Amino acid sequence: MHVAFTTPATFSDIRGGGERYPLNLARGIARASPGNVEVELLAPAEESSRHPVEAGVWVRGCRTDRRGVSGGAAVSWELIEAVTDADLVHVHQVFTLLGEAAVLAARIARRPVCVTDHGGRESTAGLQLGLLDLADALVAYSRFGAASLGTTRLVTVVEGGVDTRFFSPPPAGTARRHVLFAGRILPHKGVDLLVSACPPGIPLVIAGTPGDPGYLEELRRLAGDRDVTIVLDPPDEQLRDLYRTALAIAAPSVHFDLHGAYWAHPELMGMTMLEGMACGAPAVCLRTAALPEYVDDGVTGFVVDDAAGLAGRLTELAGDAELGHRMGAAATERVRASWDMEVAGRLMLDLYRGLVGG
Amino acid sequence: MRVLTVTNFYPPDAVGGYEVACAQMVAELRGRGHAVRVLTATPPAPVRDDDPEVRRLLRRDETANPLLAPPNWRATATRSFIVDSHNVELLRQEVEAFAPDVVHLWNLTGVAGVSLALAVELRGLPWVWHLGDAVPIWLTALGVAGDRSFARRFTRSLTGTWVANSQGLVDEIAAGGGELQGRVTLMPDWIAQPPAPRRREWWDGGRPLRCLSAGQLAWEKGVHIALEALGLLRDEGRTDVELDIVGDGPERFGLEARVGRLRLEGQVRFHGRLTPARTRDWFDTADVLLFPTAPREPFGWVALGATDHGCVPIVTAGCGVTEWLMDGVHLITATRDAEGFAAALHDVLTGRTDLGGLGRRGQAATRDFHLDRVADRHERDLLDAAASPRPPAVSWEDILRMARIGETIAYRVFVAPA
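Line by line, the protein sequences are chains A and B.
Read in order, the letters of the first sequence are residues 1 to 358 in our numbering.
Read in order, the letters of the second sequence are residues 1001 to 1418 in our numbering.
Since the hints were derived computationally from the structure, they do not count as laboratory data.
On a predicted model such as this, the values are computed, not experimentally measured, just so you know.
Yeah, the Cβ is synthetic: ideal placement off N, Cα and C, and Gly gets one too.
Careful: at least some of the hints might be erroneous.
Claimed, not checked - Short derived list, chain A residues pointing at chain B, Cβ under 8 Å:
{"id": "1", "residue": "V75"}
{"id": "2", "residue": "A101"}
{"id": "3", "residue": "L131"}
I would like the entire structure built from these sequences, with the hints used as guidance.
This is the structure:
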């Protein structure tokens, strides 16, 4: 089976879970049925390119003539052509011009279509005009994500997609010293709230891609002389080291950011939180969007309601290494059992086979 | 058989031969007992039409010339060529009401032909698309200049029966990116009138050679080349050639000026636009038809019409009609320049060309190009298409949804790029 994933990301620069999820899902699908399934990730690019990621997974840049236009606003005829050559098409970031065009191309070519929203809603035209009704299957990676589609149709939830071969616990005895935030450094991620809540004396590491220079400056100002380290654009190996030495992976995303702006879908899953859990760090998340679905409160981490709760649980974990170790181990087990990318790949493949066979 | 014909224009709302031919074929099919409904565009001005089976409903936008659709002609062109959900809905209504066995597509420019053709395809309806010109390429020409991707993607999505009037047209569509899937057949244009009386005599000297030019006076038709050829002959001292020009168009004044510049006033006469019957009278009167049209001319009906009357055409080598009537047997071909047409005329004037032989054979050959004979083939194409298996039908709801979303995509891609 030849599966085409369409996505606005070029995968030359994995910036967040929204980009990592399709890539990991593709890898999980290919690993779930070696030799039988090939997944090609199609994204608009300045020039055509195609290179392997691992067995059965290809990343293909499809040339677009709309120079200067990138991501979901770009449309590529090469991509449309590639869509029609597939046995099945899975459109990621469906609420973009690219996503809408890919759905139409697939339907015109009579190919089964799955769609997934990653929260980026650059285009509302398709949403208003019934784009989801053109899809054969709707896929979300959380119940919150499913509900946010606002449809009465069945939505298949395929959770997780973590590379647990790579993101795994450290050797026994590794010291865990800091609270870690990992992800895009944006206001709706609530990093400012974490900086404020992190108890004195507990080091805080903020690792990720700065999406808003002004916000980054605000964080630096807020940190003042606290023990806060900001690591920009860490490679995966460094990120894994940070996960492995974290006493907690914090996910403080908010619906209302520090400027009062409202974010309807601040977290559809929380990929970095799951990666941290896979590395043995207990999670501490706010009760925001999809985050509570991934934390078994009191078992794999804590779900809190506000900054005070966040501060309290971080203090608790910092003061009780045994508790942190126990929760971290449970978190790792949970991720491996339920949210590993091969687990997600198998679930996805079952869905695909039903569509292609049907 | 129930046939739903879809066309942008339909007589008396007509601008050219494509829609006139459409009406002729509709009449012929009805005469053979088939039920034919026509879905066409609302004319800009009311037309007299008593036929309840001609439904003048489609929205049509004139976009061939950007000056006709200011200020944002790309927006108009997007709706005109690519997608108009309103027209798709009208198509749905007619299909549901009429329940055709086959949909007969003609010229779909101006009525959002891409969306209409795709709707027919997705609905799983059998279809035959009669191509009198490179319509699939025109419909998809709004993309990046020189990029054939849209044309390729569009035509690869369509799996019915294509009927083209020449291989040259098929090749032109292919060169433009069109990949015609399904069945592709060639069928000539036709003569709708009964065969003309047999001509008994052909020019053999003793009076000036009567040449005729008939059709639109547009640059691509090459009437200026015919005038230049007469000028070359005159320079050689041959003034025993006359040219009667029937038709009108944007080149009229330029051609009149050229006649003066070439000092051909005594040999060339302009007659303006005439009725088809009067034009046929000229076919009877003239010895030779000069037709220096562009080589890409998909067919060139006027050469066929003249041949039917024993008037021998001298035509541009490679144009569509030369696939059906043979050089040196039924007509004369020439390179498309003044020298080429002058040389061909010179051969006629000096007796090197057997005008009578060409005329007799040509007139006999055109019997196979009369509507009754051509319609036999076309009727078979329609019946075959109607009986052919089709892909499963997509619901009208989804087709309309796709059209509406397609409108927003097309607008953002072709009109207002980010």
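* Any of the earlier hints contradicted here, and which numbers? -> none
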